[in-house]
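Chains A and B supply the protein sequences, listed in that same order.
In terms of our numbering, the first sequence opens at residue 9 and continues consecutively.
In terms of our numbering, the second sequence opens at residue 4 and continues consecutively.
One thing to keep in mind: the hints can contain errors.
[To be verified] With a Cα cut of at most 20 Å, we get these calculated EDC-like pairs of lysine to aspartate or glutamate:
| id | chain 1 | residue 1 | chain 2 | residue 2 |
| --- | --- | --- | --- | --- |
| 1 | A | LYS25 | A | GLU93 |
| 2 | B | LYS59 | B | ASP81 |
| 3 | B | LYS45 | A | ASP71 |
| 4 | B | LYS5 | A | GLU52 |
| 5 | B | LYS73 | B | ASP10 |
| 6 | B | LYS45 | A | ASP64 |
| 7 | B | LYS70 | B | GLU18 |
| 8 | B | LYS45 | A | ASP26 |
Please keep in mind that the hints were generated in silico from the structure rather than gathered at the bench.
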Amino acid sequence: GAGVSQSPSNKVTEKGKDVELRCDPISGHTALYWYRQSLGQGLEFLIYFQGNSAPDKSGLPSDRFSAERTGGSVSTLTIQRTQQEDSAVYLCASSLPGRNQPQHFGDGTRLSIL
Amino acid sequence: QKEVEQDPGPLSVPEGAIVSLNCTYSNSAFQYFMWYRQYSRKGPELLMYTYSSGNKEDGRFTAQVDKSSKYISLFIRDSQPSDSATYLCAMSSRNTGTASKLTFGTGTRLQVTL
Chain A
9 GAGVSQSPSN
19 KVTEKGKDVE
29 LRCDPISGHT
39 ALYWYRQSLG
49 QGLEFLIYFQ
59 GNSAPDKSGL
69 PSDRFSAERT
79 GGSVSTLTIQ
89 RTQQEDSAVY
99 LCASSLPGRN
109 QPQHFGDGTR
119 LSIL
Chain B
4 QKEVEQDPGP
14 LSVPEGAIVS
24 LNCTYSNSAF
34 QYFMWYRQYS
44 RKGPELLMYT
54 YSSGNKEDGR
64 FTAQVDKSSK
74 YISLFIRDSQ
84 PSDSATYLCA
94 MSSRNTGTAS
104 KLTFGTGTRL
114 QVTL
């Protein structure tokens, strides 16, 4: 079956521009997570969705970051007025409903801010 | 101090060797422990998932958890060149409401040579 799909796989943009990153989770996975992987920093949690609601946004680094999920499926992560420190790989994971279900990751979007 | 510490390596071993990868953590609330394998420019792939203390074996892989020492290990037997990747430990707590966000180590890069 299809895994977690993320697009685009690579994105290069100029500082100050807005970007949208997309995640299509595994069918039937109601939980969806966004993480950021920076060089030397490891993966850092950004936001968690259960269905269309986001009960935990504690990892979003600033108000320039937002995310939404529609139809309990596709999610978009938006970064406004991008800064060079936003350069990273943005990873999406999904899991079955319920606590502590294994999370399955997509291949990420590699974002470079010039 | 980070919640999860992991030696970044690189760790280089000959084919057929037994590999030992380790993480230490400081948060005693962590109860679920995972090991992910990440190939270059790919997303993390779940290898092992364990709950609480003890051992779990799956093929050439064995995961160990020692909660009293706050120490987890992944052993790879009969290592192969295809095992060359970055290995990430991850863990989560039961006390995070409905979210099961993962806290990751920074990863250990493994190189298995012929």
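Is LYS73 of chain B close enough to ASP10 of chain B, meaning Cα to Cα at most 20 Å?
15 Å, holds
Assess, step by step, whether the Cα of LYS70 of chain B is no farther than 20 Å from the Cα of GLU18 of chain B, and give holds or violated.
Violated: LYS70 of chain B and GLU18 of chain B sit about 31 Å apart, past 20 Å.
Compare the distance between the alpha carbons of LYS45 of chain B and ASP64 of chain A with 20 Å, and conclude whether the hinted pair is satisfied.
26 Å, violated
Hinted pair, alpha-carbon criterion (20 Å max): LYS45 of chain B, ASP26 of chain A. Please report holds or violated.
Not satisfied, since the Cα-Cα distance of roughly 25 Å exceeds 20 Å.
Do the alpha carbons of LYS25 of chain A and GLU93 of chain A lie within 20 Å of each other, as the hint requires?
13 Å, holds
Restraint check for LYS5 of chain B with GLU52 of chain A, where alpha carbons must lie at most 20 Å apart:
12 Å, holds
Run the distance test for LYS45 of chain B versus ASP71 of chain A: straight-line Cα separation, threshold 20 Å.
It is violated: about 28 Å lies between the C-alpha atoms, which goes past 20 Å.
Sort out whether ASP81 of chain B lies within 20 Å of LYS59 of chain B, counting only the CA atoms.
17 Å, holds
Violated hints for the displayed structure, listed by number in ascending order: 3, 6, 7 and 8.
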